[in-house]
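Protein chains in written order, with our numbering: chain A, 7 to 152; chain B, 7 to 152; chain C, 134 to 214; chain D, 134 to 214.
By construction, these hints were calculated from the structure, which means they are not laboratory data. Hints are not guaranteed to be accurate.
To be verified - In silico EDC-like links for lysine to aspartate or glutamate, alpha-carbon gap of 20 Å or less:
{"id": "1", "chain 1": "B", "residue 1": "122", "chain 2": "B", "residue 2": "67"}
{"id": "2", "chain 1": "A", "residue 1": "122", "chain 2": "A", "residue 2": "72"}
{"id": "3", "chain 1": "A", "residue 1": "122", "chain 2": "A", "residue 2": "74"}
{"id": "4", "chain 1": "A", "residue 1": "122", "chain 2": "A", "residue 2": "142"}
{"id": "5", "chain 1": "C", "residue 1": "191", "chain 2": "A", "residue 2": "67"}
{"id": "6", "chain 1": "B", "residue 1": "122", "chain 2": "B", "residue 2": "74"}
{"id": "7", "chain 1": "D", "residue 1": "191", "chain 2": "B", "residue 2": "46"}
{"id": "8", "chain 1": "D", "residue 1": "191", "chain 2": "D", "residue 2": "166"}
{"id": "9", "chain 1": "A", "residue 1": "122", "chain 2": "B", "residue 2": "139"}
{"id": "10", "chain 1": "A", "residue 1": "122", "chain 2": "A", "residue 2": "46"}
{"id": "11", "chain 1": "B", "residue 1": "122", "chain 2": "B", "residue 2": "72"}
{"id": "12", "chain 1": "A", "residue 1": "122", "chain 2": "A", "residue 2": "134"}
{"id": "13", "chain 1": "A", "residue 1": "122", "chain 2": "A", "residue 2": "28"}
{"id": "14", "chain 1": "D", "residue 1": "191", "chain 2": "D", "residue 2": "203"}
{"id": "15", "chain 1": "A", "residue 1": "122", "chain 2": "A", "residue 2": "105"}
{"id": "16", "chain 1": "C", "residue 1": "191", "chain 2": "A", "residue 2": "46"}
{"id": "17", "chain 1": "B", "residue 1": "122", "chain 2": "B", "residue 2": "142"}
{"id": "18", "chain 1": "A", "residue 1": "122", "chain 2": "B", "residue 2": "112"}
{"id": "19", "chain 1": "B", "residue 1": "122", "chain 2": "A", "residue 2": "67"}
{"id": "20", "chain 1": "D", "residue 1": "191", "chain 2": "D", "residue 2": "204"}
{"id": "21", "chain 1": "C", "residue 1": "191", "chain 2": "C", "residue 2": "204"}
{"id": "22", "chain 1": "A", "residue 1": "122", "chain 2": "A", "residue 2": "95"}
{"id": "23", "chain 1": "C", "residue 1": "191", "chain 2": "C", "residue 2": "203"}
{"id": "24", "chain 1": "C", "residue 1": "191", "chain 2": "C", "residue 2": "166"}
{"id": "25", "chain 1": "C", "residue 1": "191", "chain 2": "A", "residue 2": "60"}
{"id": "26", "chain 1": "C", "residue 1": "191", "chain 2": "A", "residue 2": "119"}
{"id": "27", "chain 1": "B", "residue 1": "122", "chain 2": "B", "residue 2": "139"}
{"id": "28", "chain 1": "B", "residue 1": "122", "chain 2": "B", "residue 2": "60"}
{"id": "29", "chain 1": "B", "residue 1": "122", "chain 2": "A", "residue 2": "142"}
{"id": "30", "chain 1": "B", "residue 1": "122", "chain 2": "B", "residue 2": "28"}
{"id": "31", "chain 1": "D", "residue 1": "191", "chain 2": "B", "residue 2": "54"}
{"id": "32", "chain 1": "A", "residue 1": "122", "chain 2": "A", "residue 2": "67"}
{"id": "33", "chain 1": "B", "residue 1": "122", "chain 2": "B", "residue 2": "54"}
{"id": "34", "chain 1": "D", "residue 1": "191", "chain 2": "B", "residue 2": "139"}
{"id": "35", "chain 1": "B", "residue 1": "122", "chain 2": "B", "residue 2": "95"}
{"id": "36", "chain 1": "D", "residue 1": "191", "chain 2": "B", "residue 2": "112"}
Stated by the list, open to error - Chain A stretches covered by chain B per the calculated footprint, using a threshold of three residues with CB under 8 Å from any CB of chain B:
{"id": "37", "stretch": "24-30"}
{"id": "38", "stretch": "65-76"}
{"id": "39", "stretch": "114-123"}
{"id": "40", "stretch": "136-144"}
Positions of the beta carbon are idealized from the N, C-alpha and C atoms, including for glycine.
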Amino acid sequence: MRHASLVNREVDPATVLSAVRDSRCGAVSMFVGTVRDVNEGRRVSGIDYSAYIEMAQAEMDQILAEAEERFGVRSIAVEHRLGSLAIGDVSIVIAAAHEHRSPALDATRFVIEQVKVRVPIWKLEQYDDGVSEWVDPARHTGVTGA
Amino acid sequence: MRHASLVNREVDPATVLSAVRDSRCGAVSMFVGTVRDVNEGRRVSGIDYSAYIEMAQAEMDQILAEAEERFGVRSIAVEHRLGSLAIGDVSIVIAAAHEHRSPALDATRFVIEQVKVRVPIWKLEQYDDGVSEWVDPARHTGVTGA
Amino acid sequence: MSTVTVQLFASYAESFGETTLQISIPTGSTVRDLIARIRLLPGATVLPDSPRVAVNRKFALPEQQLGLGDEIALIPPVAGG
Amino acid sequence: MSTVTVQLFASYAESFGETTLQISIPTGSTVRDLIARIRLLPGATVLPDSPRVAVNRKFALPEQQLGLGDEIALIPPVAGG
Numbered sequence: 007m008r009h010a011s012l013v014n015r016e017v018d019p020a021t022v023l024s025a026v027r028d029s030r031c032g033a034v035s036m037f038v039g040t041v042r043d044v045n046e047g048r049r050v051s052g053i054d055y056s057a058y059i060e061m062a063q064a065e066m067d068q069i070l071a072e073a074e075e076r077f078g079v080r081s082i083a084v085e086h087r088l089g090s091l092a093i094g095d096v097s098i099v100i101a102a103a104h105e106h107r108s109p110a111l112d113a114t115r116f117v118i119e120q121v122k123v124r125v126p127i128w129k130l131e132q133y134d135d136g137v138s139e140w141v142d143p144a145r146h147t148g149v150t151g152a
Numbered sequence: 007m008r009h010a011s012l013v014n015r016e017v018d019p020a021t022v023l024s025a026v027r028d029s030r031c032g033a034v035s036m037f038v039g040t041v042r043d044v045n046e047g048r049r050v051s052g053i054d055y056s057a058y059i060e061m062a063q064a065e066m067d068q069i070l071a072e073a074e075e076r077f078g079v080r081s082i083a084v085e086h087r088l089g090s091l092a093i094g095d096v097s098i099v100i101a102a103a104h105e106h107r108s109p110a111l112d113a114t115r116f117v118i119e120q121v122k123v124r125v126p127i128w129k130l131e132q133y134d135d136g137v138s139e140w141v142d143p144a145r146h147t148g149v150t151g152a
Numbered sequence: 134m135s136t137v138t139v140q141l142f143a144s145y146a147e148s149f150g151e152t153t154l155q156i157s158i159p160t161g162s163t164v165r166d167l168i169a170r171i172r173l174l175p176g177a178t179v180l181p182d183s184p185r186v187a188v189n190r191k192f193a194l195p196e197q198q199l200g201l202g203d204e205i206a207l208i209p210p211v212a213g214g
Numbered sequence: 134m135s136t137v138t139v140q141l142f143a144s145y146a147e148s149f150g151e152t153t154l155q156i157s158i159p160t161g162s163t164v165r166d167l168i169a170r171i172r173l174l175p176g177a178t179v180l181p182d183s184p185r186v187a188v189n190r191k192f193a194l195p196e197q198q199l200g201l202g203d204e205i206a207l208i209p210p211v212a213g214g
């Protein structure tokens, strides 16, 4: 099972987890990204996520295919939410299942790292003072975002 | 939040995930271990988990404290189920929340690796042919279990 | 000469005030040539030294030649996850 | 001499046919001394070269001295997770 999607509704980690579970697999690793209340020292009130949807879909499909190839995961999924998210809302869920723990954990890390560098998705961060700004991870100290 | 427990009921990943979520944290990493249908080439029908409960609790508490110290996670939890588990049942859930993804992922891996080597829990594996055997990870090729 | 359509997103769309640009370039132009033309437009100050360009939904190298009917987009710094 | 109670679990409990052992050892004995005594019992073939011992719910080194009232357990190879 390989499943990548961009959605305009809430992402439910439990649903994604169920989708990758498999009786052949002893290990499922999951990553859940959520909207933080503070980024780079500024109080955040919400984030608008937008994407070049067709390319983002293609890149996410490709990343999962690479993860399967590299780590031999039995099933792997990523769901990314778009639109207006509030503090605490889930923006992304990644889940990977393997017979053994190490490849499951490695695959999850691989997918989130790859998403961060090559999937065309953007964040317009809204601050408590009414200002909003496009997030550019490279402009900061490398610690922006999850 | 730091929470370690041994339970005699089903472990629900979604509940553990909710317990560690925190608006200061952009990243939650989770590991879910389940009972596989095949181990070392033999068809498994179920596993009985038992423990030296008082020490297992103390070791799990200690492992989480070490994970907090090493990775700075905001909240971290582990739940391990004991008793008779069937194929696909969840045996362990680990979840760690941090502002950023890397320490959350590192902490999860640290906890599962430590649980595997120092928490006094044992598996009596039941096979389809009616035989049962105590699992000794060191006796095999190092790939036993999740 | 031919005219290509370039999709813009996020901070780039904001800076150029458009979600697409129509750019006239000689046949056989590369991604690098296209960027050089785009730099002449108002709003181009938003572009970094080496802006990422996608052709047909894949990141393209500067020397890649553009063809008729290619789907072209300028990709601002990504921030998914 | 004093008598200590040693808890057994899993494969060890099965091999010794007991969940606890009562062992008489001289005052000042160490974990290593205790293991040497236990090796004399039927069922001890299950023990590896260096069995892990917990004293007061912590893994103990072979040279650790045992005290009155210590909670002692032999720990078979663990397989949690």
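Status of each hint after checking the structure:
no. : hint           : verdict
1   : 122/B to 67/B  : 14 Å, holds
2   : 122/A to 72/A  : 15 Å, holds
3   : 122/A to 74/A  : 18 Å, holds
4   : 122/A to 142/A : 11 Å, holds
5   : 191/C to 67/A  : 12 Å, holds
6   : 122/B to 74/B  : 18 Å, holds
7   : 191/D to 46/B  : 31 Å, violated
8   : 191/D to 166/D : 18 Å, holds
9   : 122/A to 139/B : 45 Å, violated
10  : 122/A to 46/A  : 17 Å, holds
11  : 122/B to 72/B  : 15 Å, holds
12  : 122/A to 134/A : 25 Å, violated
13  : 122/A to 28/A  : 27 Å, violated
14  : 191/D to 203/D : 11 Å, holds
15  : 122/A to 105/A : 27 Å, violated
16  : 191/C to 46/A  : 31 Å, violated
17  : 122/B to 142/B : 11 Å, holds
18  : 122/A to 112/B : 18 Å, holds
19  : 122/B to 67/A  : 33 Å, violated
20  : 191/D to 204/D : 10 Å, holds
21  : 191/C to 204/C : 10 Å, holds
22  : 122/A to 95/A  : 18 Å, holds
23  : 191/C to 203/C : 11 Å, holds
24  : 191/C to 166/C : 18 Å, holds
25  : 191/C to 60/A  : 10 Å, holds
26  : 191/C to 119/A : 18 Å, holds
27  : 122/B to 139/B : 18 Å, holds
28  : 122/B to 60/B  : 17 Å, holds
29  : 122/B to 142/A : 40 Å, violated
30  : 122/B to 28/B  : 27 Å, violated
31  : 191/D to 54/B  : 24 Å, violated
32  : 122/A to 67/A  : 14 Å, holds
33  : 122/B to 54/B  : 16 Å, holds
34  : 191/D to 139/B : 26 Å, violated
35  : 122/B to 95/B  : 18 Å, holds
36  : 191/D to 112/B : 25 Å, violated
37  : 24-30          : holds (count 3)
38  : 65-76          : violated (count 0)
39  : 114-123        : holds (count 3)
40  : 136-144        : violated (count 0)
When the structure is compared with the earlier hints, violations turn up for hints 7, 9, 12, 13, 15, 16, 19, 29, 30, 31, 34, 36, 38, 40 and for no others.
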